[in-house]
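> Which chain is which? The protein sequence lines are Z and V, in order. For the first sequence, position 283 (counting from the first letter as 1) is numbered 283 according to this note's numbering, and the numbering increases by one without interruption. For the second sequence, position 177 (counting from the first letter as 1) is numbered 177 according to this note's numbering, and the numbering increases by one without interruption.
No lab work stands behind these hints: they were computed from the structure. Certain hints may be false.
Okay, the calculated beta carbon distance ranges per label pair [claimed, not checked]: (1) Z:Ser-107 <-> V:Phe-56: 44 to 54 Å; (2) Z:Asn-295 <-> V:Gln-87: 20 to 30 Å; (3) V:Gln-116 <-> Z:Ile-60: 20 to 30 Å; (4) Z:Gly-81 <-> V:Ala-177: 26 to 36 Å.
A short, non-exhaustive set of chain V residues, derived as facing chain Z with CB atoms under 8 Å [said to hold, decoys possible]: (5) Glu-8; (6) Arg-77; (7) Ala-106.
Don't be surprised by glycine CBs; every beta carbon is placed ideally from N, CA and C.
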Amino acid sequence: MTLIIGSLQLGLIYGLLALGVYITFRILNLPDLTVEGSFTLGLAVSASLTMKGHPLLGLILGILAGACAGVLTGLFQTKCGIHPILAGILTMSGLYSINLFIMGSSSNLTLIGHDTLFQIMYKAFPGLSKDIIKAVLALLFCLVFFLLLSWFFKTHLGLCIRATGDNEDMVRASSINVDVTKIIALAIANAMVALSGGVLAQYQGFADIGSGVGILVVGLASVIIGDVIFGRRSVTIGFVSAIVGSLIYRFIIAIALQTSIFPAYMLKFVSAVIVFAALSLPALKSQIALRKIRNKAKKKA
Amino acid sequence: MLTINKIEKTFLKNTPNELHALRGLNLHLNKGEFVTIVGSNGAGKSTLFNAISGSFWIDSGSITLDHQDITYMPEHRRAAIVGRLFQDPMKGTAPGMTIHENLALAYSRSKRRGLQIALRKKETELFREALSEFGMGLEDRMDTRVGLLSGGQRQALTLLMSTIVTPKLLLLDEHTAALDPATAEKVMDITNKIVAKDTITTMMITHNLNSALKTGTRTIMMNAGNIVLDISGKERESMTVPQLLDLYSKKSETELATDRILLAEK
Chain Z
1 MTLIIGSLQL GLIYGLLALG VYITFRILNL PDLTVEGSFT LGLAVSASLT
51 MKGHPLLGLI LGILAGACAG VLTGLFQTKC GIHPILAGIL TMSGLYSINL
101 FIMGSSSNLT LIGHDTLFQI MYKAFPGLSK DIIKAVLALL FCLVFFLLLS
151 WFFKTHLGLC IRATGDNEDM VRASSINVDV TKIIALAIAN AMVALSGGVL
201 AQYQGFADIG SGVGILVVGL ASVIIGDVIF GRRSVTIGFV SAIVGSLIYR
251 FIIAIALQTS IFPAYMLKFV SAVIVFAALS LPALKSQIAL RKIRNKAKKK
301 A
Chain V
1 MLTINKIEKT FLKNTPNELH ALRGLNLHLN KGEFVTIVGS NGAGKSTLFN
51 AISGSFWIDS GSITLDHQDI TYMPEHRRAA IVGRLFQDPM KGTAPGMTIH
101 ENLALAYSRS KRRGLQIALR KKETELFREA LSEFGMGLED RMDTRVGLLS
151 GGQRQALTLL MSTIVTPKLL LLDEHTAALD PATAEKVMDI TNKIVAKDTI
201 TTMMITHNLN SALKTGTRTI MMNAGNIVLD ISGKERESMT VPQLLDLYSK
251 KSETELATDR ILLAEK
């Protein structure tokens, strides 16, 4: 039971991350490495403000900080002409120092003894079990932002962003400033990622400077698992599939750790393998199909 | 309507690969004129289009469209008043989005795009009607992804997208060259219909000399970054393809030797 509810809670919190990764990876069509920095940024801002007694403000400022990181990467890519991957790496590296600065140059902060959003809710609803409150709060965050994003990508601006990832030339020819759409998309994506980090910090009661390492792969794994189940359809279904993908990913990890198939330190390796397998499958499939055709032809000859 | 005044463009200046692509070109178009442009590869036809639509800024000279100096207007802002079609049918549409979404995007070109819901019922009817005029059955496939359409269908859709908000100038860059002859003719028919309906000022590059003389109201020939022949009215009506070819070789120093032009002769 704790396994199920625990991975449900984590899955929903990391679902926010998956939403952000979906926006850059699937809609904008580029893997954005800023995520590794902006996740910790959200975590750091949220934790340090919680310590000062403002957990909600921490989340809001975390979202804004994440958006700023996205804007920065966007500016690097568009106005400065830096390769998209490199632009993300630059922001991510720079953010490491910024994050340490926000955390008062200590590599981890503990929130024990401070009121997080979760603790405030425990006090507000003393009748409910803590696990239920945690799950409901995480679900609430996921639901609100899922609805907001689904609506946003149905608006004209959202449509322009989707078209930018699909055919940039066409978008430019439709009198849309491609630089602006890219920057907005990166800002929204990284805001989601930072929010995910911010909620996680208050959920687990601590912040660690290394939290963002490999987080992009976690997000990608969620998006890809979702794709496998739902197929690639409309954006709204895409968002649902990203969140469901995140839930399934957490369940897989939880079960694997419970039954000690692999030790905890292998987590990121396994994530990388999942992403590798899913991404390489289409190419490998077509190669095998080609080989079959060739072998058939050889037999006939 | 469109006035091009002594425009100059040199690519890769001061390098061994320097290319003087536009050499003091002058051109004036009246409202509603349909100009066809012919010329060998490298004559500067597409470069002229790129200059007008703002893919790059010219070195000197000026471009005025409808009393508005657009010489240094950014490309995406020019796109609001200049529609453009390319030879490649894949270029003008977003393959992962539906016909409906593509049209909605194009339709919002002249308006401020904000946080309004993009797909609205009112506009759907308008799109449906416009699509049904093609006779391709696209009006019943509004929710189909554009990537699943054939090249001809995509080019027809692109044509509708660039004219659904009537542009001040329409640039057609060999837009039927990648299509099979039957489809090419169909897309050309649609083009003529749309251009005639809204009397859009149009420029069309073609390698088909026959259609260059038959389509539109005026024909210009380019060579080495300038206009070497400009005919309209009676002079153009009495012109035949062999005559045009003849004129061409007289006016230009280089032989008209691209096989595409020879093959395009009927």
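> All hints, please: hold or fail.
Evaluation of the provided hints:
1. Taking 44 to 54 Å as the suggested C-beta distance range, the pair Ser-107 (chain Z) and Phe-56 (chain V) conforms, at roughly 50 Å.
2. Taken as a hint, the range 20 to 30 Å is violated for the pair Asn-295 (chain Z) and Gln-87 (chain V), whose Cβ atoms sit roughly 39 Å apart.
3. Between Gln-116 (chain V) and Ile-60 (chain Z) the beta carbons are some 26 Å apart, a value that agrees with the proposed interval 20 to 30 Å.
4. Separation of Gly-81 (chain Z) from Ala-177 (chain V) is about 32 Å and conforms to the stated range, judged on CB atoms against 26 to 36 Å.
5. The restraint placing Glu-8 (chain V) at the interface with chain Z is violated, with a minimum CB-CB distance near 24 Å, outside the 8 Å limit.
6. Interface restraint check: Arg-77 (chain V) against chain Z, minimum CB-CB distance 7 Å, threshold 8 Å, status holds.
7. A least Cβ separation of about 6 Å between Ala-106 (chain V) and chain Z falls short of the 8 Å threshold, and the interface hint therefore holds.
In terms of the numbered hints stated before, the structure departs from hints 2 and 5, listed from lowest to highest.
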